[in-house]
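A.B. asks: Sequence:
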Amino acid sequence: MGCLLKQGGGLFPRLRVAAVLLAAGEGKRMGGVAKSLITLQGVPLIKRQLIALSGAGVDEVVVVTGHEREAVEAQVQSFPVTLAHNPAYRDGQQASVRTGLQALSGPFDVVMVVLADQPLVGAADLTELLGAFKRRPHGHLLVPMVAAVGEQGEEHSPSQRGNPILFDDVALAQILASDLQLGCRHLIEQAPTMVYLHPTQNQRFLVDLDTPADLQQLALRTGWRLELPESSQV
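Start counting the sequence shown at 49; every next residue gets the next number (this note's numbering).
If you are wondering where the hints come from, they were derived from the structure by calculation, not from laboratory data.
For glycine and all other residues, C-beta sits at the position ideal for the given N, C-alpha and C.
Using C-beta positions, here's what the derived DEER-type ranges look like:
| # | residue 1 | residue 2 | range |
| --- | --- | --- | --- |
| 1 | Gly271 | Gln150 | 40 to 46 Å |
| 2 | Ala119 | Pro247 | 34 to 40 Å |
| 3 | Thr270 | Glu74 | 25 to 31 Å |
| 4 | Pro185 | Glu237 | 19 to 25 Å |
| 5 | Ala221 | Trp272 | 39 to 45 Å |
| 6 | Ala136 | Val197 | 36 to 42 Å |
| 7 | Arg273 | Ala172 | 20 to 26 Å |
| 8 | Leu131 | Pro206 | 36 to 42 Å |
| 9 | Ala119 | Gln251 | 27 to 33 Å |
| 10 | Arg273 | Ala119 | 15 to 21 Å |
| 11 | Thr175 | Ala122 | 27 to 33 Å |
| 12 | Pro240 | Arg273 | 41 to 47 Å |
| 13 | Gln125 | Gln264 | 26 to 32 Å |
| 14 | His133 | Asp157 | 22 to 28 Å |
All chains, full assembly: derive it from the sequences and hints.
C.D. replies: Structure representation (structure tokens):
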């Protein structure tokens with residue numbers, strides 16, 4: 049996508065990376081707002097994600113649209129991305145995932161499925177996951193498992209599953225050929241031999257925006273300005 053930075057060199061070969069950026073949801077719990085259009089410090093979340101993906105050296109990005117299609121497409125028109133509209137976006141996230149995967153030009157060594165409503169995930173976080181994917185000891189699909197961390201830095205259990213999720217061409221073929229659902233809470237149980245659980249303390253992989261209360265809490269915690277698309281300040 050005209051990357052700003054390329055990750056290369058080191059002990060591992062550079063991966064050819066694609067990303068599917070999901071921006072199709074209705075945002076029902078947010079009052080029908082397209083969450084990708086929420087602004088953080090004046091910048092729409094979808095633009096923040098595209099900048100992060102570019103900074104992480106991603107080669108191709110497919111943006112999946114659905115709800116408020118025209119408004120979302122208007123925000124990404126200056127980026128060299130592929131647009132894929134999912135007319136069945138009301139059927140849930142998996143329909144959008146498949147729409148995005150089918151629009152990739154390929155082949156790729158790794159595909160990332162990225163949520164547009166994760167405001168804290170930046171290029172360094174994506175690079176962490178790509179590095180973990182290169183070094184993974186087994187599996188075809190990487191899921192970040194985020195440990196709860198106490199005030200003194202100690203880890204607590206249980207860990208929570210985060211996003212984004214990464215996978216290779218083997219997992220990609222299985223996802224497209226079966227009913228394997230990346231958004232399913234039971235993904236790890238469904239495909240235990242395919243999944244590598246990446247242990248991390250990176251809490252940014254857990255933060256997303258589902259409700260107005262989520263916006264308010266993040267604004268209070270960070271001091272950042274968060275606004276709905278209609279410029280209604282949180």
